[in-house]
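Undergrad: Here's the letter readout for the chains.
Number of protein chains: 2
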Amino acid sequence: METLHVELGERSYPIYIGSGLLAEPELITRHIRGRAAMVVSNETVAPLYLKPVLDALGGYKAGETILPDGEIYKNLDTLNVIYTRLLERHFDRRATLLALGGGVVGDMTGFAAATYQRGVDFIQIPTTLLAQVDSSVGGKTGVNHPLGKNMIGAFHQPRAVIIDTRTLDTLEDRQLSAGLAEVIKYGLIDDAEFFAWLEARLDELLAREPAALAHAIRRSCADKARVVAADEREQGRRALLNLGHTFGHAIETHTGYDTWLHGEAVAAGMVLAAELSARLGWLATDAVARIRTLLQRARLPVEPPPHMGTADFLQHMAVDKKVIDGRLRLVLLRGIGQAVVTDDFDPAVLRDTLEALTADATA
Amino acid sequence: METLHVELGERSYPIYIGSGLLAEPELITRHIRGRAAMVVSNETVAPLYLKPVLDALGGYKAGETILPDGEIYKNLDTLNVIYTRLLERHFDRRATLLALGGGVVGDMTGFAAATYQRGVDFIQIPTTLLAQVDSSVGGKTGVNHPLGKNMIGAFHQPRAVIIDTRTLDTLEDRQLSAGLAEVIKYGLIDDAEFFAWLEARLDELLAREPAALAHAIRRSCADKARVVAADEREQGRRALLNLGHTFGHAIETHTGYDTWLHGEAVAAGMVLAAELSARLGWLATDAVARIRTLLQRARLPVEPPPHMGTADFLQHMAVDKKVIDGRLRLVLLRGIGQAVVTDDFDPAVLRDTLEALTADATA
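Those sequence lines, one after another, are chains A and B. Counting in our numbering, the first sequence runs from 151 upward without gaps. Counting in our numbering, the second sequence runs from 151 upward without gaps.
Since the hints were made in silico from the structure, they are not lab data. Glycine is no exception: its CB is placed at the ideal position from the N, C-alpha and C atoms. Take these hints with a grain of salt, some might be off.
With a straight-line cut-off of 20 Å between C-alpha atoms, the simulated DMTMM-like cross-links for lysine to aspartate or glutamate are [stated by the list, open to error]:
1) K211(B) x D475(A)
2) K211(A) x D475(B)
3) K201(B) x E176(B)
4) K201(A) x D319(A)
5) K201(B) x D219(B)
6) K211(A) x D227(A)
If you want a taste of the chain B side facing chain A, the calculated C-beta under 7 Å gives, among others [to be verified]:
7) R183
8) N230
9) V231
10) Y233
11) H295
12) A304
13) F305
14) R309
15) D340
16) R429
17) A468
18) V469
19) I474
20) D475
21) R479
22) A506
Looking at chain A on its own, in the form it has when it is part of the complex (with noise of 0.2 Å):
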């Protein structure tokens, strides 16, 4: 097992990654403070590691919350199942809340911590490759509104995280390849060095390779926790790890969250800012090859979705949380390992771009 530190003073915690690290109960039970925990979790993960998870809780008030599994979830109607849930069951709050799945799972027991009787305590227990290199850590919580994604949430960090690599195990390949997304997202913002090993590995972590997955794990963890531990609340320098996201939010919500995954959005939205970095000169065209072929080796999206135009993603886009006084910030590369936050471009060229890459350059 291996131990990576977010820190931020009080609100401090370790991020514990390790293989078969939910076979040991005290390493949940140490962060719980009251007697009480509900396990928050889907109809997908459930069935395979909720057992694991209550009988470490024997000594404990436990409660299980079983929510349906997808990003169409993600919402307030879904949110309120865990209050009533809380309430039926008299939680207090002292409480903890424990999320066992993946980033859906992450983001709503989160925000519900957050927001149940003004707060409890809540861990993070990631179970795909997606909210364990990502959106267990970090405090981001929240749920999608339909016009837009997770435009309602709150920061409030976990009082850990325990990732169990073993996990990914039972994890389907088209989530193993929406992880492997935000992984290769690393490298590409400020880890030229991990983007490199990622292009001589990557048909390890495809093979779901022990090592090479659990290096993946902990290098896109420590890339993370030491950009949030600079900047908790996304006033400056976390923006960066939004790279994609812009235009990634732009089609998940124009798809209406249920076609497309967060990360083969995230990776097609990748592609559209190394376009229109490499359009205003700040990033070299062959640089924007080897991000598609990395992208495209890890079986993920290059394109947008085909019957959405420039018109579309500027309208989602014009209500990103990254809109600063009505002015489009964007993140964009400056090299492989180089992104910066800017809202000073061209609008014309992003136009340009969109114009060329989407459904409007074939219409």
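Fit chain B to the known structure of chain A by using the hints.
TA: For chain B alone, kept in the frame of chain A given last:
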């Protein structure tokens, strides 16, 4: 105009109290950091006071969201109306929300601000006595759940509280009385001198004598600001502000939020807290009589709803936010001006008190 300060480090903010403050746009605009502001109000208040607030926002991107009036609408569905309006109008994370109305508008607008795009600024412009002396100060925000009052929420401090005492001119008598319940509460908690002042000056308050009202608001806000500054997130002393509220919330939840005003429920709740304190031998019976008398003079109920029995109270109180690891804590009285938070009481005496003073006594 008088200015009080809630001292909370970087989250400190002023409370402005005065007659005619809505006519001073600069009081609002100096606390808006971006260029966009959304006023949230309700159908009762908007026709009276929305115009001067919108006029103050002349140089800004401005909008308004008008909600139905009443505690029954303080829920997730109405909250979503605010989110939708913000998204439709493309308000970004630099937007400021302005809560123009009573406690329901303030609590919901504050919670919307706490959670829209993971947190935006807000300003409280309370127009009821209850909101001016209590709910607009201190950063408690949230909505009700059918199973419990204020069970969904967050701590989120406003950037400023602007109290125009002239707005009380249009307040109906019943709402004025409901606000007086919270005013009287401050005397009971730790300000016996203020309680005596209220006994002497209640008739002036009921007659809406401006100087008396201004004094009562100032003193209440100062009492509350002191407690909040010492314990922002209710780890300890702040719970004193909930005197009468555990019983009161049970009444509100039981009656469905549409019969009793919050202040009325708190009044009946304070009598129950006083009676329980007396039965525990902590409070003299003549003090109980003084409390009853003052509340009755303020035209407030001093009995629970006619059909609500002991079992109803105990069931609703079991989900109170002050329950810690399954143990109920209550705010009780050791004297007028000497409230304590305690779980050190015999539950049998609580039961006896309820049986003597609720519907069970007349069954």
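Undergrad: Does each hint fit the structure? Answer for all of them.
TA: Structure-based check of all given hints:
1. Restraint check: the Cα-Cα separation between K211(B) and D475(A) comes to about 9 Å, which is no more than 20 Å; the hinted pair holds.
2. In summary, the hint linking K211(A) to D475(B) is supported, as the alpha carbons are separated by about 9 Å, within the 20 Å threshold.
3. Using a Cα cut-off of 20 Å, the hinted pair K201(B) and E176(B) holds, with the two alpha carbons roughly 15 Å apart.
4. Distance check on the hinted pair: K201(A) and D319(A) sit about 17 Å apart at the alpha-carbon level, within 20 Å; holds.
5. Of the pairs offered as hints, the one joining K201(B) and D219(B) holds, with about 18 Å between alpha carbons and a cut-off of 20 Å not exceeded.
6. With a C-alpha separation of about 26 Å, the suggested pair K211(A) and D227(A) falls outside the 20 Å cut-off, and the hint is violated.
7. Interface hint at R183(B): violated, since its Cβ lies 10 Å from the closest Cβ of chain A, which is beyond the 7 Å cut-off.
8. Annotation: N230(B) was flagged as interfacial toward chain A, and the flag holds, the nearest CB pair being 6 Å apart, inside 7 Å.
9. Restraint check, V231(B) versus chain A: the minimum CB separation of about 12 Å is more than 7 Å; hint violated.
10. A cut of 7 Å between beta carbons decides the hint on Y233(B): the least distance to chain A is about 6 Å, and the hint holds.
11. Look at H295(B): its Cβ gets to within about 6 Å of chain A, closer than 7 Å, so that hint holds up.
12. Taken as an interface hint, A304(B) checks out: its beta carbon lies about 6 Å from the nearest beta carbon of chain A, inside 7 Å.
13. Interface hint status for F305(B): upheld, as the beta-carbon distance to the closest one in chain A is roughly 6 Å, under 7 Å.
14. Evaluation of the R309(B) hint against chain A yields a violated restraint, the C-beta minimum of about 16 Å exceeding 7 Å.
15. The beta carbon of D340(B) is not positioned within 7 Å of any beta carbon in chain A (closest approach about 23 Å), and the interface hint is therefore violated.
16. At a threshold of 7 Å, the smallest CB-CB gap from R429(B) to chain A is about 26 Å, leaving the interface hint violated.
17. Interface hint status for A468(B): upheld, as the beta-carbon distance to the closest one in chain A is roughly 6 Å, under 7 Å.
18. Below 7 Å, beta-carbon pairs count as interface contacts, and V469(B) has one with chain A at about 6 Å; its hint therefore holds.
19. Against a cut-off of 7 Å between C-beta atoms, the interface hint on I474(B) holds, since the closest Cβ of chain A lies about 5 Å away.
20. Below 7 Å, beta-carbon pairs count as interface contacts, and D475(B) has one with chain A at about 5 Å; its hint therefore holds.
21. The interface hint given for R479(B) is violated, since its Cβ lies 10 Å from the closest Cβ of chain A, which is over the 7 Å cut-off.
22. Below 7 Å, beta-carbon pairs count as interface contacts, and A506(B) has none with chain A, the closest being about 26 Å; its hint is therefore violated.
Violated hints, listed in ascending order, are 6, 7, 9, 14, 15, 16, 21 and 22; each of the other numbered hints is respected by the structure.
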